[in-house]
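Line order of the protein sequences matches chains Z and D.
According to this note's numbering, the stretch in the first sequence is residues 2 to 379, in order.
According to this note's numbering, the stretch in the second sequence is residues 2 to 379, in order.
Hints are not guaranteed to be accurate.
Quick list of in silico lysine-lysine cross-link-like pairs, DSSO-like style, CA-CA up to 27 Å [said to hold, decoys possible]:
1. D:Lys-14 / D:Lys-106
2. Z:Lys-379 / D:Lys-356
3. Z:Lys-204 / Z:Lys-277
4. Z:Lys-330 / D:Lys-330
5. Z:Lys-379 / D:Lys-71
6. D:Lys-174 / Z:Lys-71
7. D:Lys-173 / D:Lys-277
8. Z:Lys-370 / Z:Lys-14
9. D:Lys-379 / D:Lys-277
10. Z:Lys-71 / D:Lys-330
11. D:Lys-203 / D:Lys-174
12. Z:Lys-14 / Z:Lys-244
13. D:Lys-330 / Z:Lys-277
14. Z:Lys-378 / D:Lys-81
15. Z:Lys-378 / D:Lys-378
16. D:Lys-71 / Z:Lys-294
17. Z:Lys-14 / Z:Lys-364
18. D:Lys-356 / Z:Lys-294
19. D:Lys-328 / Z:Lys-277
20. D:Lys-203 / Z:Lys-330
21. Z:Lys-328 / D:Lys-71
22. Z:Lys-356 / Z:Lys-244
23. D:Lys-294 / D:Lys-378
24. Z:Lys-328 / D:Lys-244
25. D:Lys-102 / Z:Lys-330
26. D:Lys-316 / Z:Lys-81
27. Z:Lys-81 / D:Lys-379
28. Z:Lys-294 / Z:Lys-328
29. D:Lys-316 / D:Lys-370
30. D:Lys-173 / Z:Lys-81
31. D:Lys-174 / D:Lys-244
32. D:Lys-356 / D:Lys-370
33. Z:Lys-71 / D:Lys-106
34. D:Lys-356 / Z:Lys-277
35. Z:Lys-102 / D:Lys-330
36. Z:Lys-204 / Z:Lys-14
37. Z:Lys-277 / Z:Lys-328
38. Z:Lys-316 / D:Lys-316
39. D:Lys-379 / D:Lys-330
No lab work stands behind these hints: they were computed from the structure.
In this text, all values refer to a predicted model and were calculated from it rather than measured experimentally.
2 protein chains.
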Amino acid sequence: MFFELIQTSERSKARLGCIHTAHGDVHTPVFMPVGTNATVKGISVRDLREMSAEIILANTYHLYLRPGTKQIFSAGGVQKFMGWNGPMLTDSGGFQVWSLKQFRKISDEGVHFQSHLDGSRHLFTPESVMLAEREIGADIIMAFDECTPYPSTFEEAETSLRYTLNWTRRAKKWLDENPPILGYPQYFFGIVQGGMHLELRKKSIEALIKIAPDGYAMGGLSVGEPAELMYRIADFCTDYLPKNRARYVMGVGTPWNLLELISRGVDMCDCILPAKHAQDGLAYTSRGVLRYKNECFASDFDLPLDPDCDCYCCKNYSRAYLRHLFKTKEPLGWTLSAIHNLHFYLHLMQEVRAKLLSNDFEKWAEEEKQILAESCKK
Amino acid sequence: MFFELIQTSERSKARLGCIHTAHGDVHTPVFMPVGTNATVKGISVRDLREMSAEIILANTYHLYLRPGTKQIFSAGGVQKFMGWNGPMLTDSGGFQVWSLKQFRKISDEGVHFQSHLDGSRHLFTPESVMLAEREIGADIIMAFDECTPYPSTFEEAETSLRYTLNWTRRAKKWLDENPPILGYPQYFFGIVQGGMHLELRKKSIEALIKIAPDGYAMGGLSVGEPAELMYRIADFCTDYLPKNRARYVMGVGTPWNLLELISRGVDMCDCILPAKHAQDGLAYTSRGVLRYKNECFASDFDLPLDPDCDCYCCKNYSRAYLRHLFKTKEPLGWTLSAIHNLHFYLHLMQEVRAKLLSNDFEKWAEEEKQILAESCKK
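Isolated chain Z, as found in the complex (with noise of 0.2 Å):
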């Protein structure tokens, strides 16, 4: 059994569960760091086992494009060719050629594209994303799709749902035909478009559920929506996805949007928010949003970023460190409160797990998201 529901929650729609892959346990729900080229930026394995990360998330368009799929396979998969040896799921690059500004044009064979990086032209087709993935190695691997813009119409929505559909059609077609090549399975998750339509999403998640994938993803959201319309989108998803399947919403969020979503009955998440925010100075803390930057930092030599936090940065250095760091563009300090925010998430999902499992989840929920969405004032 790949994915093992655990419990659903009395009281909301939260789920604990457990994904199963051939290099270890992913317990749910859980968010994902992002390793778009293969690596977090700037975190070590190292330091990513020391925050208890489960799995790890890659990107099939950035390595296509360096060092090439067929380099990773040579490497014996994208676990060995980056030295972390646990779970990890490969997005298909569906979004990123979707957000390309240089040339893109969407046939339904695929999508020719030329890269961002020296403006060569390229051909994605379902099949050549499966068979990259393939190649990857990960663990769990994404439905090449066609991303819907927000906001759109009823027709141009359906119009992009039918390229996901047809394309997720011939992906599994093409997988079921060609196995695995690095002697370990790989879970092929579909993914739910249809913008903001609700009757698209369900749509959706009938003709995906037909195909019969191993798991399910919603795409499409947090691309400019309001987060209550995303909390009501995934809501509206989960009570269709099938309950014997992990549900993923892709790109989100906040801590408070993962708990949002959690409570709607999401199983995983990644974002680059605790990467991004350590970049602008910002860190997540159990008292709430700390701008480390800010000069009334300063001076708190003996105060780390999070008292309540027992990471690597909190144990050793200082919120006015990590500004001094920050005010001199030094490397360090974002690896450091890199650190910090991705343990925090990381443990944050741990503390859901626990509170699920105590029954106790959703009063603490409700109180949490207040508090992790102040400000950190001195």
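Add chain D to chain Z, keeping to what the hints say.
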């Protein structure tokens, strides 16, 4: 006793010694990782400990500008500020002020200069710099000197030397009248100048000996002169420097430079090269210089930078992966290769000390210099 001379080789001027500080012992010959802004670029204190770093160098000019030396004093000194509870040395900022491309005016009083950050105007005098170094609180503090450019006429070098000697006298006087303020001793090093003129170097040493600092640095080296000339000047100086004091050559160099200087009686070195070359895609290895960014290493999935190295980078990551990180400009690549290069330097010093102890340094160093300077091919 601050500096303990343990042994001098019978076959060269190489020495084995130990520097005793309130923050621990430093075994010489020693290489000091550079931590200009109170951080060794991209490297955590855990990594510094793991690579057996014994002493870190920071810079008064940089810390005076950011975060300010009063701020570091409030933190309890630079060791507490940066979370490194080992020995430290601060350079005086003389070299940095001398290197400023913007406004800078030297007089008997000191140096008026403009900050490279915001153009603000400042005055460094020997007294103000000693106060700054008292506030920063390193275990070893350098005199404020005037670096002599290369090439310089005898007259130019003599004028420059006059500033340095005058300032060193005033610095020593100020220190004698103003004891340490952080509760532990700080040892004062004078800096030998005189350009490439042997007579002036001798005069510099004779004058410094009268001032009686705790140790001696050789400044104004590695400023564009040929390596052979640098070796000759250092060789000349160590003939005249007191045997019972530590000798430090500032800002040098490659691994083979270090072996040359050590055989000429030098005890301490520092250099930015290991970090800088890491950023340039170049690793020092036991088999020579490895340009790991080169295509020929792209498929070295099972080979670390140096198969004989036991640093964190070599124990966990391959050349192929390091090359990928370099090509994708990922910050982890710089950190990992800097860890390797620094570890390489520190490990080389460990070997030097072991060879000195067993009385076979010279033959080993002769062979090693050849190997290390070679280009490591596929």
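Name the hints, by number, that the structure is in violation of.
1, 2, 3, 6, 7, 15, 18, 20, 24, 30, 33, 34
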